[in-house]
Amino acid sequence: MYYFDLAVTGISFGCMYAMMSVGLTLVYGLLRILHVAHAAVFALGAYVTVLVANATGSIALGFLAAVIVTPLFGMAIYRLLYEPLLKYRPDVPMIASVGLLVLMQDAFRIVFGEQGITFQRNAFAFKTFNFAGVTVSALQIAMVVTALVVFTGLHLFTTRTRIGIGWRATVSKPQIAASFGIDPIKVRYLNFAVGSVLAAIAGGLVAEMNNLVDPGIGFVVSYKALAIIVLGGLGSVRGTLIASLVLGLVEAYGTIFIGSWLDRDAIAFLALIVLLMIRPQGFTGARAA
Amino acid sequence: MLKLENLNCGYGSVEAVHDVSFEVPAASVFALLGPNGAGKTSTIMAIMGHVDIHGGRIVIEGEDITRRRAIDRVGLGISLVPEGRQLFSDLTVDENLTAGGYARPISRDATKRDRVFGLFPRLYERRSQMAASLSGGEQQMLAIGRALMAEPRLLLVDELSLGLMPKMVDLCLDALLKLKREGMTIVLVEQNTARALDVADQVCVLSSGVQVYRGTAAEAKAAGSMFATFLGIDAAV
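Going down the list, the protein sequences come from chains A and B.
One point on numbering: in the numbering used here, the residue at position 206 of the first sequence is 206, and numbering is uninterrupted.
One point on numbering: in the numbering used here, the residue at position 164 of the second sequence is 164, and numbering is uninterrupted.
Heads up, none of these hints are tricks.
In the DSS-like style, the derived pairs of lysine-lysine whose C-alpha atoms are separated by at most 30 angstroms in a straight line are:
| no. | chain 1 | residue 1 | chain 2 | residue 2 |
| --- | --- | --- | --- | --- |
| 1 | B | 3 | A | 173 |
| 2 | B | 167 | B | 221 |
| 3 | B | 3 | B | 221 |
| 4 | B | 167 | A | 173 |
| 5 | B | 178 | A | 173 |
| 6 | B | 112 | A | 173 |
| 7 | B | 167 | B | 180 |
| 8 | B | 180 | B | 3 |
| 9 | A | 186 | A | 173 |
| 10 | A | 186 | B | 112 |
| 11 | A | 87 | A | 186 |
| 12 | A | 224 | A | 127 |
| 13 | A | 186 | A | 224 |
| 14 | B | 180 | A | 173 |
| 15 | B | 112 | B | 3 |
Calculated from the structure, these hints are not laboratory results.
In this text the structure is predicted, and so the values were computed from the model without any measurement.
Chain B extracted, bound-state conformation (with noise of 0.2 angstroms):
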């Protein structure tokens, strides 16, 4: 569904990753682990947009989108959970899923409201709060809603577990994985590599913006220690 082929891409004149490919098939969940500054965030923002690309290609379903504008990426079903949750922190939960939908005509905007209340009913109670009121994991929420809401095909999900309690985490990546199970390509970024091999299908390791490893999860598991050495010293897999 997703196709990088020797990626080479950063910020200005500094590269940040280096000759990355790597396939995404429809439906499955891909995990992206490494240390800080491995290039993780830089690759997601490349398939966003929102990065220089100095070589390689980026294809989606078969049509190359290297070239096209980040404005633009969200037409063709890409859509941002991003680092941080970045919401729009002064405007209220119903505004920001409405943001969310721009790019979508209004007249589903409603439909698509109700199944991100259905997957998190907390949003419903919190709906004319602003987002900078919200919890640590209500804002993932929020934020997962508010990608959901440009009804993606592929859903790049950026940090999910920084900063929120185990619950929560919980609870946003069973919400992943009914998404998967409704058909959604995912790519996840993640620091924490047990947490993001319970949910993938396949991994990918980077370390320094070079791809170091590459394999399904499973096999990921099984490799154990040696897997570990990969990830350098926060990996308790």
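Here chain A stands alone, though its shape is the one from the complex (with noise of 0.2 angstroms):
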């Protein structure tokens, strides 16, 4: 049993991980910009879950205001940082976003101090049922579930209604798109504002899951999004969930076998360098950069 017990851990980290990096895969698509300061975008996401959360006593508003707040200040990003920078070398953008992702962490040690916050009330999250000698919790539950209706939804959104039609077409031909009138800025502050969503939520579980929300949430955060989405083969959508789910089983599994003398993160890395040297090009090839 224990053997399920590590599965349902992978695969709850793995739908975390896939919310928290399909909003980097999105940009990258769009704009060709490592978006690192969408580590930014999830932390703030987290703070605000949290300190609604306690504010109000309601932890389904936390996640409300999350996902209302959080949107808002990706697309700034886009609106103030990025846009005035895409005449610029693609590097460019992209150191731009690791400032502020430095910035934005020292902000929210300076304004919610070094310990972090945690949540007064969160006793839904430890909660654990037994499946026939499975151990699940209600944490585990909800990340899995709220995974798969924002990914249904998702998918729903970009083959069902024409924004989202239109969306697809200006990633694959943005000239092209925007002399049958769909209009590329639009799309822009669409892919930002989606990504950012899907980023406050993985922000809020996870603040869940620590039961703390500390200034450097966002930075391991960082640099294994930007693994994933490189190994999903970057601009990828589907390339970005299969990489997240493979990760957070192998970390799951890993941890057992050689978790005595590497660490949970390095095994992941370690990982990601075997899986990018056999297969270079990410799981779904012809996108690598």
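Since each chain comes alone in its own frame, lean on the hints to assemble the complex.
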């Protein structure tokens, strides 16, 4: 049963990685920018969740506030940071992005303190259930269900609605899409808003899991998500989802086999290095830059 | 219907088209001919709004559109079948058509889609396939279909015959002639001079961005070898 427990852990972590990484892939696919500051968006989502949850006593309201505030922040990053820099080489906006991440981390530290903030009431997250010997926590169920709902919704939006189809058309051929009246600037805002909402949800869930939000919460995420989107084949949403689940499972099983001499993140990166040596183009191939 | 007046345009400070003027009457086919790099595609892309205009005017049905933004021009009734098709390759046939009609009310979408499928029944069979998986001819049909979804009055067609089997070229040109009979104005850029002269009412030859010949297709055909000299080496008239 232990192995099933690990599978549950791996899949729930994979779902979270997927929600935090897809925003990065979306930005890369559309603008060819490595949106490192996405980790700050994720951290903001976590902070807003915990602050509003503590202020109102409702975790649901915390998440609601996060998915409203965070996309505004994501769109502001596009408008104020990336748009003026798009005429330069892609490493220029990337460096600006790293700068914003560092700035935001220190801002969180100054405003909310080094120690971070905990939930005052977070009983729900640690409730566990037993299914035929396999232990599952309420939070793990929440992670998997949220990811399923969110990605099903995203799939329906991008294949069944005209705005969603226009979005994909713009990613495919921006100038031609504009010839048919699809405004590329609006698509960029949509892109940042959607990616940021997913990151905010992931941020709130990670905050619940750790029962803590500290200034460094986005840090591990920043490089792990970068590795995931490279492994997924830069710009491919499907590849990112696969890579996220693979990474979640590798970490979960890795901790029992080699966990005594390597920590969880080191295992993840060892696996990424090995996988990239085997498939340098990532899981989905063609789009690798 | 379309009038270019002393158009100078290009990319950045590089000028690709110098002082080109012509007029295209409504419900006619106007062929832009000339060798590679003559400025044919630049002229078309200037009408579509993707090229920097350095001087001159572009007028559609009396309205000066020279300074209008590219994304607004589709609403004026201009639509593009670009060189190399430029389909949204990881979208399905149906989704490509949806994207084509983006600027128009969604309520008219189904009717237009049926019309496109009526024109190209092959597309109907392939409607849920990815555009990238279509044959060259089918891709060209889809590019035309996508452009029609935008409800154009002026259709700009760039290098229709490029890389297509002769049978497919015939099929696509027949479709254009049918559209013309229904009242569509068409500007056709072609390297295949012979086929272009078959369908065109008027022709204009560009060379190094300058207009070197203008006349009716019948005159151009009659001029024979003299007309060919304007076109350089690939002039099998």
